[in-house]
Amino acid sequence: MLSTFTEHPEIRERFGELHAPLTAQAAVVESNRCLNCFDAPCMVACPTHIDVPGFIKRIASGNLRGSGRKILEANVLAGSCSRVCPVEVLCEGACVMHRYDRPPIQIAQLQRHAMDAFHRSAEPLFPTPPHAIELRVACIGSGPASLACAAELRRHGARVTILERRALPGGLNTYGVADYKLPTADSLREVELIRKTGVEFRLGFAIESAADLEALESEFDTIFLGVGLGAMQKLGIPGEDAAGFGETAGILNALQLIAAYKTGHITRMHGAVVVIGAGNTAIDAAVAAKRLGADPVTMVYRRGAGDVSAFDFELEHARQEGVQFLWHRLPVAIRRADDDGLLLDVQSVEIVDGKFELVPGSITTIACRTIIPAIGQSPLTQLLSEFRRVDVEKGRIVIENATGQTSNRRFFAGGDCANGGREVVDAVADGKRAAQGILAAFQAATAEAVSV
Amino acid sequence: MSNPSHSEPDIRVRNFAGGISCPNPFWLASAPPTNCGEQIMRAFDAGWGGAVWKTIGAPVTNVTSRYSSIDWQGQRMMGFNNIELISDRPIETNLRELAEVKKRYPAHAVIASLMVESTREAWHDIVVRSEDAGADGLELNFGCPHGMSERGMGSAVGQVPEYAEMITAWVKEKARTPVLVKLTPNISDIRTVARAARRGGADGLSAINTINSITGIDLDTLIPRPNVDGRSSHGGYCGPAVKPIALNMVQQVMADAEAVLPLSGIGGIANWADAAEFLLLGCGTVQVCTAAMHFGYRIVEDMADGLQNWMRGKGFHTLDDFRGLSLHRVTEWKHLNLNYKIVAHIDEQKCIGCDLCHIACWDGAHQCIHLDRVTGPIDGHVELHSIPASHEAASHASVTLTPVTRRERAKDATSHGPYPTPLARIPRVDETECVGCNLCSLVCPVDQCITMVEVPTGLASETWDERTKGAACSAEPQIT
Numbered sequence: 001m002l003s004t005f006t007e008h009p010e011i012r013e014r015f016g017e018l019h020a021p022l023t024a025q026a027a028v029v030e031s032n033r034c035l036n037c038f039d040a041p042c043m044v045a046c047p048t049h050i051d052v053p054g055f056i057k058r059i060a061s062g063n064l065r066g067s068g069r070k071i072l073e074a075n076v077l078a079g080s081c082s083r084v085c086p087v088e089v090l091c092e093g094a095c096v097m098h099r100y101d102r103p104p105i106q107i108a109q110l111q112r113h114a115m116d117a118f119h120r121s122a123e124p125l126f127p128t129p130p131h132a133i134e135l136r137v138a139c140i141g142s143g144p145a146s147l148a149c150a151a152e153l154r155r156h157g158a159r160v161t162i163l164e165r166r167a168l169p170g171g172l173n174t175y176g177v178a179d180y181k182l183p184t185a186d187s188l189r190e191v192e193l194i195r196k197t198g199v200e201f202r203l204g205f206a207i208e209s210a211a212d213l214e215a216l217e218s219e220f221d222t223i224f225l226g227v228g229l230g231a232m233q234k235l236g237i238p239g240e241d242a243a244g245f246g247e248t249a250g251i252l253n254a255l256q257l258i259a260a261y262k263t264g265h266i267t268r269m270h271g272a273v274v275v276i277g278a279g280n281t282a283i284d285a286a287v288a289a290k291r292l293g294a295d296p297v298t299m300v301y302r303r304g305a306g307d308v309s310a311f312d313f314e315l316e317h318a319r320q321e322g323v324q325f326l327w328h329r330l331p332v333a334i335r336r337a338d339d340d341g342l343l344l345d346v347q348s349v350e351i352v353d354g355k356f357e358l359v360p361g362s363i364t365t366i367a368c369r370t371i372i373p374a375i376g377q378s379p380l381t382q383l384l385s386e387f388r389r390v391d392v393e394k395g396r397i398v399i400e401n402a403t404g405q406t407s408n409r410r411f412f413a414g415g416d417c418a419n420g421g422r423e424v425v426d427a428v429a430d431g432k433r434a435a436q437g438i439l440a441a442f443q444a445a446t447a448e449a450v451s452v
Numbered sequence: 001m002s003n004p005s006h007s008e009p010d011i012r013v014r015n016f017a018g019g020i021s022c023p024n025p026f027w028l029a030s031a032p033p034t035n036c037g038e039q040i041m042r043a044f045d046a047g048w049g050g051a052v053w054k055t056i057g058a059p060v061t062n063v064t065s066r067y068s069s070i071d072w073q074g075q076r077m078m079g080f081n082n083i084e085l086i087s088d089r090p091i092e093t094n095l096r097e098l099a100e101v102k103k104r105y106p107a108h109a110v111i112a113s114l115m116v117e118s119t120r121e122a123w124h125d126i127v128v129r130s131e132d133a134g135a136d137g138l139e140l141n142f143g144c145p146h147g148m149s150e151r152g153m154g155s156a157v158g159q160v161p162e163y164a165e166m167i168t169a170w171v172k173e174k175a176r177t178p179v180l181v182k183l184t185p186n187i188s189d190i191r192t193v194a195r196a197a198r199r200g201g202a203d204g205l206s207a208i209n210t211i212n213s214i215t216g217i218d219l220d221t222l223i224p225r226p227n228v229d230g231r232s233s234h235g236g237y238c239g240p241a242v243k244p245i246a247l248n249m250v251q252q253v254m255a256d257a258e259a260v261l262p263l264s265g266i267g268g269i270a271n272w273a274d275a276a277e278f279l280l281l282g283c284g285t286v287q288v289c290t291a292a293m294h295f296g297y298r299i300v301e302d303m304a305d306g307l308q309n310w311m312r313g314k315g316f317h318t319l320d321d322f323r324g325l326s327l328h329r330v331t332e333w334k335h336l337n338l339n340y341k342i343v344a345h346i347d348e349q350k351c352i353g354c355d356l357c358h359i360a361c362w363d364g365a366h367q368c369i370h371l372d373r374v375t376g377p378i379d380g381h382v383e384l385h386s387i388p389a390s391h392e393a394a395s396h397a398s399v400t401l402t403p404v405t406r407r408e409r410a411k412d413a414t415s416h417g418p419y420p421t422p423l424a425r426i427p428r429v430d431e432t433e434c435v436g437c438n439l440c441s442l443v444c445p446v447d448q449c450i451t452m453v454e455v456p457t458g459l460a461s462e463t464w465d466e467r468t469k470g471a472a473c474s475a476e477p478q479i480t
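Here the protein sequences line up with chains A and B, keeping their order. Following the numbering used here, the numbering of the first sequence begins with 1 at its first residue and continues without gaps. Following the numbering used here, the numbering of the second sequence begins with 1 at its first residue and continues without gaps.
By construction, these hints were calculated from the structure, which means they are not laboratory data. Model, not experiment: these values are computed from the prediction. Even glycine gets a Cβ: it sits at the ideal position worked out from N, Cα and C. Among the clues, some could well be false.
Have a look at the derived ranges for each label pair, beta carbon to beta carbon [claimed, not checked]:
no.: 1; chain 1: B; residue 1: Asp347; chain 2: A; residue 2: Val29; range: 51 to 61 angstroms
no.: 2; chain 1: B; residue 1: Arg76; chain 2: A; residue 2: Glu316; range: 35 to 45 angstroms
no.: 3; chain 1: A; residue 1: Glu7; chain 2: B; residue 2: Asn62; range: 52 to 62 angstroms
no.: 4; chain 1: B; residue 1: Asp363; chain 2: A; residue 2: Thr4; range: 46 to 56 angstroms
no.: 5; chain 1: B; residue 1: Asp347; chain 2: A; residue 2: Arg389; range: 49 to 59 angstroms
Okay, chain B solo, but in the shape it has when bound (with noise of 0.2 angstroms):
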């Protein structure tokens, strides 16, 4: 029997929704990645659990260009954004190669997305077809926020919670395989469809779809993109800038009592400990689409990996030990502790002098980072809290010389060169005015320069909600 705590630990997936099982919880998301049997085969070979099929569906016609995206500091595709539309391929096509995939990987999980008109009719025939095929699971794509939309599908569906349902409630009649819904983001409260698929008897949910999206214009031509022969139309917005967005939606649906179900996380997913994130949050599965469109299926291996390292130090041993185990540290913020204080601290030895904090903190938050270190004996009256200008105002009015000899160059480098920050340039906060508000600790280029510290306040814990109905109590008026 071998030592517990040098096994890997399991990263399986057993019996999601009611009946799927996978050798890890990374699935690719219905999307060009997974557009083909040739594709699919590909990824479960580079280490992918699942793979969610590119909607099926009557063969549409797409356009070019289809994507667009935001860079951002050099980064690409912080945002990706796409108009196409579901599988242009056959629906016999689709099939058969899903049947081919299924028998030769029958321990990965092959979910058919689907997508036809609203009739009972047209999701009989699509589900039984597809189950017929060997398809592990159903995922309802009621989330497509362009084009199909336009044509009483898609989002047009997910937006609408009477439809959801019924769509659901029809596809549950024929349905022998877990069937998931997948909700649209493009929804004032995204609970009310969860609600409703789950009303219809869905098995399981998909959060989110992508965001509906103009990702930018090109200021040359001041055509939006993607353009399509000069004109450009809304699209579906992904990738690392959506997760976010993705966490709130999963957050509220997994903690809502009508709504909650087993969940396949989505949105901006590129690596492991984005999915730890959606784990913690109570996902069973999560599914990845823009990174691998970015760099291809091999980044599953670290996704896997890392996922396995980081439970390791954790001392998970399965999916199960820790899923859902951040959920309740969300609540509303009238239950937040009103009497909790942080404040800045910031570590002289790591400081390199950028003085972002100070700035940031005098323009963006509270001003109490303060660039007025003072060394040496103190004669007579202190100038304090001279503003942001005023530092420099006096470094433009300085007069520097090129150092020139060697003396010069060595006398130089104490105020600056690989060298320990000088004094002058490392902020001091004023914990008295400090509201502990994170700012400059974010803004920090380096890791664990600005911490924040907890300052007991001496207060027992007390929330807004405690702090106004003690106030509604005693303006109750007094009935004897």
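Isolated chain A (complex conformation) (with noise of 0.2 angstroms):
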């Protein structure tokens, strides 16, 4: 194993699934259900195209494994995917179901049932490439593209070394995703698959300078970015700074929270707790703080309810678990309260001429012990200006889509990094695409070299 990994006790006891796997015989009957479009609008809704009249229809037959190495062909984070992908908006929402008036087939459950299925059998993820190629490819980043694209290049025989600045490999997948949609463990497992297909990983390896770049120029020929997004933006009010966080109050972003909480090393919290934002990741904390034991906890957001950028099942799910949510407002300062917590004041904003305003003389003041900002993630620009043959514009790497080549040719990216902050499936989507750019690339090199 690549790294050992113990879930704490109490963070799997409070961050139970938020669905139950189907039964073997649930998934047959839900596999009868779909109809098996023709060029099917499901499988063209996702991001990386996984042949889901084909999987289900395995999984009606019985063909269980068929099923599972069909999904894996597409798509090697499937397991993940099949818990995280905002499937309302994807491939269930494309399903022709909803035109028939029935709901639309469960296909992330089914996925899961095939991918648990392939899981247990502890098959490797694909046959052992039948010869190598003479192509050495660095992936900077563990997360799902890096993962995407390592396997990829391994199915072909490229010899792929990922480097990783964290502790645990896996990225988003294993520090970002809330535990009851996507335990830290499973996040390994998948991992784990991926190295036994021999990609080489390199943990607690920082890149920080222009020399490590450089050694990473002559160590491979080409050089796949997977690096995600940079830390949490900070809210820029008064009082910000001063507060750090301690063993009772303090500020927090979102994705420190989640990581501490999934790696063990937050199990409680007390008190009221205000999270600052409404995405996706600002509602993954709200709730893991609600089930952490804080309370109340509040979503502080600047628009109204109808202009929040999570997807409407992840709001209903914080309302679910009790989380409260004050609009309208906007945080404009930090105080220390006398009990030793916190005091945020927030004050009512408009939205004049597309612009806030603040509303005078509306300033109220919010006693909490904890502040979680969850206003996104800045660009890594600081890394990335240092590849300065690599376009960057409006903080994400330029790339080419079908290929995911970078301006500078033996530079690739993908991922976050790339298209800004999507979901888990694009990343994986831009590994795959950019690992057959890569290859393509090689392939055309190589024929160069022999034609002259």
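Using the hints, put the two chains back together into the complex; each one sits in its own frame.
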């Protein structure tokens, strides 16, 4: 095993699965509902184009191994995708059953059923590639984009090394996804399958200087950038820096909180918690705070309920968990309270001519123990600026969509750092396309060398 | 006097096969649901009009297990198979209970199914004893395809017209009640035995008995089902899967002048609609087994109620009003009109975009349903009739992103989600190429989305028979 990780029992208990898996018979019944559409809209809607009817009909026929392999052919992280994909806006949203006035096929649950069976079988992800090719690729970052890229390259016999600055591999799958959707152990199980195909991992390996980069360039033919986004953005209000997170109270951003509880470093929270922002990550953090024992948990957002960037089902989930909302409020200052807690001043805002305007005299104060900013991740501009020949626009690495190639032909990129922050499945699709782009470029170069 | 249009249609059976009357045409077939008197009385309480007693004869020893089935797409028992023999209870017990049932339910039909060794004495004896017990009629089991046939009974008799005729004649020497002969389908032409039964003096027929079958093989143990200590044996197939075979055989018998007799239809009947189809081909009663074994006697409630409601809608007051009405609609192929033309029509409002009709037409029919809708102004060459594989390849090559912002999601909603089907996914029928085979309308999951529409050809009706006879005439040498 790549890394030892033991789940904290308290976390396991507090973060029980949101959706129980299907039983074997329920899976067959559900798979029989699938119409087996031609050129199925669900498959088109999936960024990795999993042959959805193909794998579902294999479940119906009892060919569970074939089902799993069909899925993995398109998406090596199909296990985690089946847990974390916003299927309501992807495959299940595209299901023709909607137009048939029937509930869509439970594609995610069926995919999980096939993936769980595959993981139980302890089979390799794919057979060892028949022959190696003389191509050495480094994937920077070990999140979904790099993992997908690495697996696709290994499938074709390339030599691949994944470089990760943290202790555990998997990126946001390991550190950033709510545990009731995808437990850390399940993320690591998937990474392990990819490692077993022959991918080398260097954990705790940070790239901090141009010299580090040059070293990589001399060791590898091609470099894939799957570095994701940077740290969470700061609120930029008075008192934010003074109130560091301590034993009892403080400020902790959403990704820090999620990573901390998923690795067992936080197992309890007390008192009132305020989450600032209303995206999907903000919701994961608010629900986590609730499950860790915080009460009340309030989400503060500068717009209204109809404007949140979170998916509707995520917002509904937060409501069901007991999270409260304070709309049209902007945090303006953080102060320390006498009891060692925090005081968050918020002020009403209105949108006038497309601009936020504070409503004079509307400041109210919320007493709380913890403030969790969740207003998006900033791009890794510092690191990116070091790739001087790699074009960056609005904080995103510019790539050719079909191949993942950057303006520097030895560099490819995919995932959040290139798409600005989308879903796991988008990162997998990016990584896979980039691998195919890398292989095509290699073959073209090889053919050229031969003809010369 | 009640207004006829408000009175419930009458589904009573009167004088079937020359003397059997009962409250409705729904009988339980001779099988496990009619194994004993207690069961049959409960069945009558549930609403069954009649019951054919589980075949009475010299008691047998049965094996375990006895049944197996075919599931289809998660539905249980689409087809059902048994290797159970006739009644394993003493003749005396069966007849004593039969007498008790008749005493308590005088208005219901109780038919004794019989099977004994092929001697005149044995048949005379069982006929007399059954009728003395009060049976309203007799059904001669010449159909059981397994076990009993190896002992010279059941389908061993039913497959040889001479035997069937001879035993029917023996029975008729003694019988005072109507005699039905139950036909086996395990024969190349069911009419040969039906004619023999009629020559032997039968008053009616029952058809069909079960079909020889091996339902399947356990792919773990490699043992066929049902498994009797590691071995299996062919059994009798029945259930919804056999209905079309049964309807065809019923039609064959009813349309044959030498075979036709009052007929009790059997084979895959599970609801009132199935029953109505058998009645439309001329059956006087119907018999049910598998559906009752699957769901219990209670299914008869909807059978009776549903049949009445259908009759009401059609304006039929009695069973005689529609019995056999579809019989003359079945003919030999050579009498079908060659100049009749229909084509598929897709209702764009109903289409859900599954495109099963497209792939079915391309791979299974005549390549005339296309995904080549073009919207907007057309500039230059438009490639039509691309093959299915190129559609799939284009989809696989497309770059799809998860919609993140609300605006993206709203935009995406036009292509999928609970919204109208995008035009690009609604197939188009090339009516000039369509041969009107029906396949697309059969695979379409949406009711009334694909309909077959008649296209007047302007030609007079002409059958193959007429066309070839005409040719034969003109080819004949002219003799003057």
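Status of the hints after comparison with the structure:
1. B:Asp347 / A:Val29: 51 to 61 angstroms: Between B:Asp347 and A:Val29, where Cβ atoms are some 29 angstroms apart, the hint is violated.
2. B:Arg76 / A:Glu316: 35 to 45 angstroms: holds, 36 angstroms
3. A:Glu7 / B:Asn62: 52 to 62 angstroms: About 56 angstroms separates the Cβ atoms of A:Glu7 and B:Asn62, which means 52 to 62 angstroms holds.
4. B:Asp363 / A:Thr4: 46 to 56 angstroms: holds, 52 angstroms
5. B:Asp347 / A:Arg389: 49 to 59 angstroms: holds, 57 angstroms
When the structure is compared with the earlier hints, a violation turns up for hint 1 alone.
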